[in-house]
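Engineer: Chain by chain, the residues run as shown.
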Amino acid sequence: MASLGDTGTIRARNTGTEALAGKVSAQRRLGWIGIAVAVIALAGLIAVPFFVYPVFIMKVLCFALFAVAFNLLLGYVGLLSFGHAAFFGGAAYFTAHAAKVWGWEPLSAILLGAAGAGLMGLIIGALAIRRQGIYFAMVTLALSQMVFFIFLQAPFTHGEDGIQGVPRGHLLGFIDLGQPLNMYYFVLAVFVAGFFAVWRIVNSPFGHVLKAIRENENRAISLGYRVERYKLGAFVMSAAIAGLAGSTKALVFQIATLTDVAWQMSGEVVLMTLLGGMGTIFGPAVGAALVVTMQNYFATSDIPVTVIIGVIFILCVLLFRRGIVGEAIRLMKR
Amino acid sequence: MTMIFGIPLPALLGQLLIGFINGSFYALLSLGLAVIFGLLRVINFAHGAQYMLGAFTAYLILQYAGLGFWPTLILAPVIVGILSAVIERTMLSRLYDLDHLYGLLFTFGLALIIEGTFRYYFGAAGQPYPTPPLLDGGTNLGFMFLPNYRGFVVVASLAVCLATWLLIEKTRLGAYLRAATENPQLVQAFGVNVPLLLTLTYALGAGLAALAGVLAAPIYQVSPLMGTNIIIIVFAVVVIGGMGSILGAIISGYALGILEGLTKVFYPEASNIVVFVIMAIVLMVRPAGLFGKEA
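Just so you know, the sequences run in chain order A and B. So the first sequence is numbered by the numbering used here: it starts at 1 and just counts up by one. So the second sequence is numbered by the numbering used here: it starts at 1 and just counts up by one.
The set of hints was computed from the structure by calculation and includes no laboratory data. Here the structure is a predicted model, which means the values were calculated and not measured. Glycine included, C-beta positions come from ideal geometry on N, C-alpha and C. Just so you know, not all the hints are guaranteed correct.
[Unchecked claim] Pair ranges (Cβ atoms, derived): (1) A:E160 / B:G137: 30 to 38 Å; (2) A:I123 / B:F152: 38 to 46 Å; (3) A:I46 / B:G123: 51 to 59 Å; (4) A:P205 / B:A270: 39 to 47 Å; (5) A:Y297 / B:V86: 43 to 51 Å; (6) B:E169 / A:Q295: 54 to 62 Å.
All chains, full assembly: derive it from the sequences and hints.
Structural biologist: If you want it as structure tokens, here you go:
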């Protein structure tokens with residue numbers, strides 16, 4: 001059975017006939033292209049709030065970080081979690097509560113959300129990694145649904161209403177996040193930090209073991225790696241960064257609601273990752289930007305958004321499984 | 001009045017019965033999922049949508065063709081089955097050589113399209129569907145008043161579960177199905193048309209979901225969201241029973257419905273999550289599920 005994150009193996013197979021030297025230089029070239037893209041993208045993101053409504057870009061950034069965190073698990077370990085909404089939305093509740101009820105400063109509220117999501121990731125992950133493949137997906141889905149009902153009923157979440165009117169507060173006590181531009185650059189900083197963390201994890205020795213597990217779990221076991229620990233570690237990191245994204249979103253929109261914990265949100269992040277290209281570093285962010293843009297666009301039109309999303313989902317699965325960035329990389333490697 | 005653990009007996013028995021009725025739907029739906037998963041290795045995320053389609057087909061047949069409950073009970077599953085067979089043939093069958101997760105993602109997209117479309121045309125509100133006149137009224141069981149239709153649902157569900165189990169465990173077609181799960185190439189070499197078998201299996205599973213939908217129509221309202229609400233619980237039921245296990249799906253379907261009913265009596269706050277709690281416990285003790293084989 002080929003693993004889900006096997007765009008890497010497909011690529012390796014395609015280039016298998018080429019000389020090794022050519023492969024290395026091609027990879028180096030792609031590395032430089034990647035850095036160039038990152039620099040241009042960052043420059044663009046710094047300039048963009050002067051041209052586009054900042055709240056929209058902040059929404060894109062939050063979902064992009066969510067998708068990047070999710071892809072750490074799907075793209076680099078080959079684990080499809082269908083319960084990541086629990087971490088995204090759960091963290092939003094923690095942050096909203098800390099900022100509104102306890103009056104915490106925004107950065108610590110966000111870090112609390114991420115930590116809370118990481119803790120939830122530890123519990124759910126420990127249960128879920130006992131099963132593989134589709135079973136893993138089902139278990140994460142069901143456990144996240146349990147989390148959904150807990151947030152529906154817990155006294156501090158205000159049920160269907162959610163936690164509203166969350167104050168953005170003053171960052172470190174003196175930067176007023178009520179100012180749109182201040183808030184925007186804060187969100188951008190959180191996004192860059194989260195994105196860099198994922199990039200660093202993927203390119204670390206730890207990340208290489210993760211990829212080895214994705215390619216051939218049994219071989220990784222026989223090499224002496226304690227696969228379960230690596231999987232759980234990746235799960236917790238992915239959950240915590242997804243939580244970071246959800247916490248930030250709670251401050252941007254000043255609200256934490258059930259929508260972010262519902263299982264449909266878990267499906268949306270899968271779509272973002274699939275559309276952009278799983279197992280690529282930029283893909284999920286591109287996918288998230290596209291999905292959020294489409295949702296905003298179709299929200300005012302007559303066509304129901306879920307149908308559009310469903311159609312794209314099916315087209316991705318049937319026709320271009322590498323996603324946009326994945327296909328672009330393949331074209332560049334030719 | 002007789003009390004058990006401080007709960008009046010009629011209330012307890014009443015909730016038990018409601019649990020049994022809910023369990024009938026869980027069993028039917030998880031049975032369909034288990035049949036599809038057993039052979040196709042696809043988690044049919046569209047199962048809830050197919051259940052909803054069954055109920056809506058019944059509603060539309062009544063509105064536009066004036067046909068009542070009984071012919072619909074056969075017609076709707078057949079229509080949904082044929083529709084699903086076409087989808088399997090044209091699209092889903094292309095994904096079998098890939099990771100099984102793609103099947104899950106495909107059916108997830110399918111569910112979004114179906115549910116989105118119905119929500120667009122019918123709104124989120126429920127449409128009423130009348131109880132068949134033959135089953136109007138109720139029976140006094142002494143401890144409670146049982147609407148006849150609900151009694152019928154329990155009997156029908158038990159009969160369908162038994163029939164499906166017999167079909168798969170005791171007939172030649174069932175033997176082919178089980179053999180194809182183990183080794184499709186070999187079964188194909190014996191001259192069995194395996195792709196056709198896969199199409200039929202998917203149609204059968206979807207038809208079972210639609211049948212559950214028609215049965216549900218007079219009890220719950222016919223709504224585009226009815227599938228979304230029930231399907232996650234059914235997924236948990238399937239994980240508890242052991243995925244792909246027909247017997248596990250049936251037994252855990254009824255058992256969890258009853259357990260949910262009991263929780264409503266003793267600790268109502270937990271009734272939404274009791275199924276998931278059980279799932280977590282089962283996973284800790286037996287990761288393959290109660291009736292599942294260790295993969």
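Engineer: Run every hint past the structure and note whether it holds.
Structural biologist: These are the hints, each one checked on the structure:
no. : hint                        : in the structure
1   : A:E160 / B:G137: 30 to 38 Å : holds, 37 Å
2   : A:I123 / B:F152: 38 to 46 Å : holds, 43 Å
3   : A:I46 / B:G123: 51 to 59 Å  : violated, 44 Å
4   : A:P205 / B:A270: 39 to 47 Å : holds, 44 Å
5   : A:Y297 / B:V86: 43 to 51 Å  : violated, 31 Å
6   : B:E169 / A:Q295: 54 to 62 Å : violated, 47 Å
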